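Student: Residue strings, one per chain:
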Amino acid sequence: MKAKSDRIRFEGMNMEIMDRISDGIVAFDSNLNYTYLNEAAGILLGRSPESLVGKNYWDEFPEAKGSRFANAYVQALATQKMITLDDYFEPWDRWFANKIYPSASGLTIFFYETTEQKKIELALRESEKHLRKIIDNLPVGVAVNKIFPAVEFVHMNKLFSEFYCVKQEDILAPDSFWEVVYEDPVFREEIKKKILDGISSGDPERFEWAEVPVTRGGEVVRYITAKAIPLPESNLIVSTVTDETARVKNAKALTNIEQRYRARLEKQVEERTKQLVAANKELEAFSYSVSHDLRAPLRAISGFSRILNEDHGEQLGDEGKRVCKIITDNALRMSQLIDDLLQFSRLSRKDLALSPIDMQTMLNSIYHEVTTPEQREKIAFLEDPIHKCYGDPNMMRQVWTNLLSNAVKFSSKKENPVISVWSDLEEGEIRYYVKDNGVGFDMRYSEKLFGVFQRLHGINEFDGTGVGLALVQRIIHKHGGWVKGTSELGKGATFSFAVPANEADVISIGEKWKII
Amino acid sequence: MENYLKSDVLLVEDNPNDAELTIRALRKQGFANEIFHVEDGEQALDFLFCRGEFSIRSSSQPVKVVLLDLKLPKVNGLEVLREVKANPATSRIPVVILTSSREDPDISTAYELGANSYVVKPVDFDDFVKAVQNTGLFWLLINEPPIK
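As you go down the protein sequences, you meet chains A and B in turn. Those letters in the first sequence? Residues 1 to 516, per the numbering used here, in order. Those letters in the second sequence? Residues 1 to 148, per the numbering used here, in order.
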């Protein structure tokens with residue numbers, strides 16, 4: 001009697017424990033009628049234990065028919081062997097882990113829901129699948145591997161082994177990577193050291209090895225760039241490899257093409273320079289000839305008409321003498337023209353000999369050169385202090401000479417000739433001005449002002465060959481500046497010229513004009 | 001002029017017009033008898049070295065000045081200058097380059113070779129005459145010839 005009550009008490013205690021367990025416990029009889037469900041089971045199944053006890057499994061859960069769970073129950077009963085089943089119950093879209101214990105009287109099932117874990121697991125697996133797909137389809141070789149103590153691959157995509165010109169299976173053995181990829185032992189040691197040192201240094205700048213050649217049979221078959229990306233908190237790294245072969249080959253081809261093109265260009269430049277130098281030499285010889293040979297006949301014309309005048313003056317009479325004078329005057333004029341032309345031509349061939357110029361001193365000295373003391377008495381020469389500049393002093397002397405002698409010449413007929421000179425610095429240029437109160441010129445013809453042999457006054461009004469201003473323009477242009485002339489007919493003229501204020505600008509322009 | 005035995009001035013000038021004008025100018029100054037004129041470099045050298053057609057010349061009677069044009073047939077002016085100045089027998093004779101060419105290379109070369117002066121023949125006759133006369137005046141009257 002005590003045994004039975006003890007047993008009931010024990011069973012009662014068991015019941016209490018069983019009721020409190022968070023896993024579901026279900027007991028069936030051999031016909032799959034519910035004999036016991038604990039609270040947890042009720043919650044998991046969504047039915048109160050009272051509502052199910054005594055009921056039949058198949059009646060209460062018809063949707064279970066054909067499911068692996070149902071099949072397992074039946075199988076367990078039949079075989080009397082314990083079954084573990086973790087599975088998905090489709091009708092409810094939930095996962096359960098079951099331990100099914102058969103006995104003579106029926107089944108006892110311990111189960112719990114694993115839906116959440118399963119979902120996470122599935123998501124993870126899905127995500128892993130995606131990642132794998134991405135990695136496999138990147139145009140980059142990717143691998144995850146250990147590097148210390150040996151290179152051992154955890155994962156590798158197709159391109160990884162392809163770019164290294166190896167088969168996947170050939171580099172799986174620990175540290176086999178080096179030998180299989182790099183066939184030359186010397187280079188292998190070199191590159192291995194570089195990579196291992198780079199990674200050990202911990203300096204991210206050293207985690208990249210660019211344009212490493214991979215050879216097969218001594219020939220370079222690929223150029224690859226390898227990168228290592230350490231994975232934190234593990235001794236794994238992500239290795240990437242990209243194929244640079246096309247780029248390297250193209251770069252080489254381009255360099256070749258470039259080199260050949262450059263060589264061809266240089267050859268052309270050399271040819272042209274030779275031609276230029278030759279042309280220049282011809283011009284030199286021409287000028288020499290001109291200067292020498294053209295003058296001799298002029299001398300004869302001038303000289304012999306003089307002799308005519310002197311020795312046979314009486315026979316000639318006044319008219320004859322006048323004619324002789326015309327002949328001589330013209331010979332002289334022609335000689336002047338030749339001189340001016342030669343000077344003009346020589347100028348183009350001359351390189352600038354640059355240095356700082358004290359324009360003030362130069363101006364004064366030239367003024368004294370182009371004027372006689374009598375003229376200086378008459379002329380009011382107003383000079384402001386003018387800027388220094390950088391240029392070719394000889395050429396600048398020519399500029400001042402021409403401008404000043406023009407100013408003097410064209411104001412010579414005035415009672416009170418006034419010549420003023422000043423300068424200013426503006427917009428990076430130094431501008432010089434020479435103003436006179438002479439006859440001036442007609443602005444309508446100002447275009448012709450700087451033309452060679454162009455004159456705006458008759459030879460009888462004012463002497464001159466018409467080359468002076470052309471020369472000035474040539475010189476100033478060589479310095480990278482400009483010349484300008486403005487005038488009011490009868491009132492005077494102002495001539496201005498500018499040179500770059502910056503020494504460097506003058507020098508660089510001088511380089512452009514340089515003739516070797 | 002057969003007075004080449006006793007000339008003070010050797011004029012080396014291929015252009016007959018220039019020669020005539022030069023001689024005329026010198027004549028005006030009074031040096032008519034003492035000018036000898038040759039027309040090319042070879043003759044100039046023969047004259048100065050007393051050889052060839054001038055072998056009867058005596059080297060003890062050197063000219064007082066040579067007026068030398070640069071552009072000459074056969075042997076050109078600079079060559080003549082070089083030879084004259086290189087030879088101790090003739091190196092002391094004053095040589096005046098009288099020429100149309102103002103071109104730089106000639107001037108410096110001439111001086112390098114030992115020219116005593118360089119005069120550019122002006123186109124203007126008056127100036128030409130003045131140049132020749134001043135030159136003649138200087139070398140023939142003012143300048144002391146080197147003592148033989």
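Incorrect hints may have been included.
Okay, derived cross-link-like pairs now, DMTMM-like style, lysine to aspartate or glutamate, Cα gap no bigger than 20 Å in a straight line [unchecked claim]: (1) B:71 - A:310; (2) B:71 - A:329; (3) B:74 - A:293; (4) A:321 - B:124; (5) A:119 - A:136; (6) B:130 - A:329; (7) B:130 - A:310; (8) B:71 - A:293; (9) A:281 - B:124; (10) A:321 - B:126; (11) A:249 - B:106; (12) B:130 - A:311; (13) A:350 - B:126; (14) A:325 - B:106; (15) B:28 - A:282.
Calculated directly from the structure, the hints in this document are not laboratory data. Nothing here was measured: the structure is a model prediction, and the numbers come from that model.
Student: Each hint needs a verdict: does it hold in this structure or not?
Tutor: Going through the hints against the structure:
At most 20 Å may separate the alpha-carbon atoms for a hinted pair to count; residue 71 of chain B and residue 310 of chain A exceed this at roughly 29 Å. For the proposed pair residue 71 of chain B and residue 329 of chain A, the alpha carbon gap of about 27 Å is over 20 Å, so the pair is violated. Our distance criterion of 20 Å between C-alpha atoms is met by residue 74 of chain B and residue 293 of chain A, whose separation comes to about 17 Å. Between the alpha carbons of residue 321 of chain A and residue 124 of chain B the distance comes to roughly 17 Å, so the proposed pair stays at or under 20 Å and holds.
For a cut-off of 20 Å, the pair hint linking residue 119 of chain A to residue 136 of chain A is broken: about 25 Å separates their Cα positions. Of the pairs offered as hints, the one joining residue 130 of chain B and residue 329 of chain A holds, with about 18 Å between alpha carbons and a cut-off of 20 Å not exceeded. Simply put, residue 130 of chain B and residue 310 of chain A have alpha-carbon atoms about 16 Å apart, close enough for the 20 Å limit, and the pair holds. For the hint linking residue 71 of chain B to residue 293 of chain A, the alpha-carbon distance of about 9 Å falls within 20 Å, and the restraint holds.
With a CA separation close to 30 Å, the supplied pair residue 281 of chain A and residue 124 of chain B exceeds the 20 Å bound. With a C-alpha separation of about 16 Å, the suggested pairing of residue 321 of chain A with residue 126 of chain B holds against the 20 Å cut-off. Under the criterion of a C-alpha separation no larger than 20 Å, the hint pairing residue 249 of chain A with residue 106 of chain B is inconsistent with the structure, at around 60 Å. Between residue 130 of chain B and residue 311 of chain A, the direct Cα distance comes to roughly 18 Å. Compliance with the 20 Å bound is thereby established for this hinted pair.
Taking the CA atoms of residue 350 of chain A and residue 126 of chain B, the gap is about 33 Å. The hint is violated against a cut of 20 Å. The suggested pairing of residue 325 of chain A with residue 106 of chain B is violated, with an alpha-carbon distance near 33 Å, which exceeds 20 Å. Pair hint residue 28 of chain B plus residue 282 of chain A does not hold up; C-alpha atoms about 41 Å apart against a cutoff of 20 Å.
The structure does not agree with the numbered hints 1, 2, 5, 9, 11, 13, 14 and 15 stated previously, though it agrees with the rest.
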